[in-house]
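Model the placement of chain Y on the given structure of chain W, informed by the hints.
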Amino acid sequence: MKLTVLHYPDPRLRLTARPVKEVRDATRQIADDMLETMYHERGIGLAATQVGITKRILVMDVSEDKSEPLVLINPCILDKSGVIESNEGCLSVPGFYEPVRRASRIEIEYLDRSGKRVHAEWEGMHAVCAQHEIDHLDGKLFVDYLSSLKRNRIRKRIEKQRREIA
Amino acid sequence: MARPAPPAAPPPRLLATRLLVKILKRGLPFDRALLHEHANPFVHELLYGVLRHYFSLSERVSRHLQKPLRNKDFDLFCLLMTGALQILHLRTPAHAAVNESVDIARRLGKPWTDKLINAVLRTVAKDTFEGQGIEAAFDHPKWLIEQAQAQYPHHWHDLLLANLTKAPMCLRVNATKTTREAVLETLQRNGSPAVPGALPSCIILEAPMPSEQIPGIASGELSIQDQGAQLAARLLNASSGMRVLDACAAPGNKTAHLLEHTPGIALTSVDQSESRLQRIKTECHRLGLPTPEIICARFEQLAWWDGRPFDAVLLDVPCSGTGTLRRHPDIKVLAKADDLQAHHQSQKRLLDAAWRTLKPGGKLLYSTCSMLKRENEDSVQALRTRSDAAVLDMPQIKACGLVSIETQSGVQLVTTPQGPDAMFYALFGKRA
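Protein sequences appear in the order of chains W and Y.
Read in order, the letters of the first sequence correspond to residues 954 to 1119 in the working numbering.
Read in order, the letters of the second sequence correspond to residues 1181 to 1612 in the working numbering.
Isolated chain W (complex conformation):
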């Protein structure tokens, strides 16, 4: 089932998500719905916070052809190194792209769809996307890295768009 993505500045995007105690069928159902939603919105990553669920679940697929879906439960970054700047966009901040600096390489640990513990080292787009999504689980958005001038401009534009639709 496709879920609804919350849009900045919705206050629910600021909540901190709680760890998943046990990976059950209900957890997998949430992950599958999130993947469906992410593909529909043409995203490469989606955190549970963005669909109003405060659990530490996120999904990713940075491939061009939807061939590498990943489910990350209770993800945790163990180590970071390097710097990379990329133009980031977010399904909760539609239509805006801004440069953000992040670590270029990360060491990460998470539970996969079956509940098995996975340890991985990622670089490039995988690393950037995972950091972006884990920020969501902590109530943080990529616009928080921008100057307040840019952030306010984005917020005003989105609020204006919403008024025009309503």
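Simulated from the structure, these hints should not be mistaken for lab results.
Worth double-checking, as some hints may not be accurate.
Ranges between beta-carbon positions, derived for each pair [as the list claims (entries may be wrong)]:
1. Y:Glu1392 - W:Asn1040: 29 to 35 Å
2. Y:Leu1215 - W:Pro962: 49 to 55 Å
3. W:His993 - Y:His1269: 46 to 52 Å
4. Y:Pro1443 - W:Gln1114: 28 to 34 Å
5. Y:Ala1276 - W:Gln1114: 25 to 31 Å
6. W:Thr1007 - Y:Glu1392: 47 to 53 Å
7. Y:Glu1392 - W:Arg967: 57 to 63 Å
8. Y:Arg1271 - W:Asn1040: 33 to 39 Å
9. W:Arg995 - Y:Leu1270: 34 to 40 Å
10. Y:Thr1471 - W:Asp1018: 51 to 57 Å
11. W:Glu1117 - Y:Gln1246: 48 to 54 Å
One side only, chain Y facing chain W, incomplete, derived with CB under 7 Å [to be verified]:
12. Ala1182
13. Ala1185
14. Arg1566
Chain W residues, not near chain Y, derived (Cβ > 10 Å throughout) [what the hints assert, rightly or not]:
15. His960
16. Arg995
17. Leu999
18. Ile1037
19. Gly1068
20. Glu1086
21. Lys1113
From the three backbone atoms N, C-alpha and C, an ideal C-beta is built for every residue, glycine too.
Leaving out everything else, chain Y in the frame of chain W:
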């Protein structure tokens, strides 16, 4: 996270400046520049404009430079010409043109030029100086003006000025698929008004539009071709069952028109460019025409020929293209007087070879898209004096009402505003 956005299109003025440098210094063909993936109509307008008015713009810009720019700052020179074009021809207010140009200079990595750009463009805007010398006055190179003066003593002035106008967009109706009336009606309904052209196959769009938006292009009912070029098939006037040769066929506009005009001819198309010959196949496929026999060879060596003569030959020779300066303003800047002699020599060789492939009793149509005698009358002179050749009349040209000048052997079409490209045609019959 959203999928990263594709890199944004460069601003039009920046892209135009870069493309101009490539066209003028690095041999990028103008047609290819127009097809750049980010080239929108405004980029096209800037490219056409700067090349069309190159001589006056470059003189007016140079005049206000205290010292000539270094070679590596040629991009800056192109930027200044683009700025001057906007002020002088596109009605952009000077402050806006200056502002934009300064911005582009920064993106070119030359932020130290803002004072220079300000000084040059603001004086260009105020100045009443329009350039001195005939090149700037007519926006043509001196050698071409001199040739035009000698050849057209009374009309050179109008002919050159007509080259500075925008060419109309002409379409050719595929007679094997539809009729002109039906197409005119479809265009009218589609909100893109058009009028019938001088020839029965021709339609002129009142406002040019991208070819992919014209209904009937994809379905093979229409092609884009100038009115003047559409005369070729009518003048050759082959009939069904004849063996016909298109000697320099690629990219195949005239080949396709021959097949549309006279279904049932056995057509052979020769050209030396493999890649351009490929376009004949796609063109014929699009138009629903039978594919002609296609031969990739150097025509004039005749090694490709099996010795069976042709009933009719179309020889559309490579030339300077000076009849198409509205569509190819780059030619004015890049072509040299010496090129004419080289074209003239190769045209004579091609004509000689083509004559040999022609059956006694057959006819040969020689054509160029040049306005210059050297490539037209002079190139067919030798054939005219042969005892087995007769100059044939071309009543179709008079009948269609396009402005033309009769020469000893043929007819020279001339460019008028909204008129055709300046084509030359000469039709010869081979005595039995």
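Okay, the hints, checked on the actual structure:
The supplied range of 29 to 35 Å is met by Y:Glu1392 and W:Asn1040, whose beta-carbon atoms lie about 30 Å from each other. At roughly 44 Å, the beta-carbon separation of Y:Leu1215 and W:Pro962 lies outside the given 49 to 55 Å, and the hint is violated. A beta carbon spacing of about 49 Å between W:His993 and Y:His1269 agrees with the range 46 to 52 Å that was offered as a hint. A hinted range of 28 to 34 Å for the beta carbons of Y:Pro1443 and W:Gln1114 is inconsistent with their spacing of about 58 Å.
With their beta carbons about 29 Å apart, Y:Ala1276 and W:Gln1114 fall inside the hinted range of 25 to 31 Å. Look at W:Thr1007 against Y:Glu1392: about 49 Å separates their beta carbons, and that is inside 47 to 53 Å. At roughly 47 Å, the beta carbons of Y:Glu1392 and W:Arg967 sit outside the given window of 57 to 63 Å. Range check, Y:Arg1271 to W:Asn1040: Cβ separation about 36 Å, and the 33 to 39 Å hint holds.
About 38 Å separates the C-beta atoms of W:Arg995 and Y:Leu1270, a value consistent with the hinted range of 34 to 40 Å. Under the hint 51 to 57 Å, the C-beta atoms of Y:Thr1471 and W:Asp1018, about 36 Å apart, miss the expected range. The hinted window of 48 to 54 Å between W:Glu1117 and Y:Gln1246 holds, with their beta carbons roughly 53 Å apart. Contact between Y:Ala1182 and chain W, as hinted, is supported at the beta carbon level, the nearest pair being about 3 Å apart and thus within 7 Å.
Proximity of Y:Ala1185 to chain W holds as hinted, the smallest CB-CB distance being about 5 Å (cut-off 7 Å). The interface hint given for Y:Arg1566 is violated, since its Cβ lies 65 Å from the closest Cβ of chain W, which is over the 7 Å cut-off. For W:His960, the requirement that its beta carbon stay farther than 10 Å from each beta carbon of chain Y is met, with the minimum near 12 Å. Interface exclusion of W:Arg995 from chain Y breaks down, the closest Cβ pair being 6 Å apart, not more than 10 Å.
With a least CB separation of 8 Å from chain Y, W:Leu999 falls inside the 10 Å interface cut-off, contrary to its annotation. No Cβ of chain Y approaches the Cβ of W:Ile1037 within 10 Å, the least distance being about 12 Å, so the stated non-interface status holds. Every CB of chain Y is more than 10 Å from the CB of W:Gly1068 (nearest about 25 Å), matching its label as outside the interface. Chain Y draws W:Glu1086 into its interface by the beta-carbon criterion, the shortest separation being 6 Å against a cut-off of 10 Å.
Even its closest Cβ contact with chain Y, about 20 Å, leaves W:Lys1113 beyond 10 Å, as expected for a residue assigned away from the interface.
The structure shown violates the earlier hints numbered 2, 4, 7, 10, 14, 16, 17 and 20.
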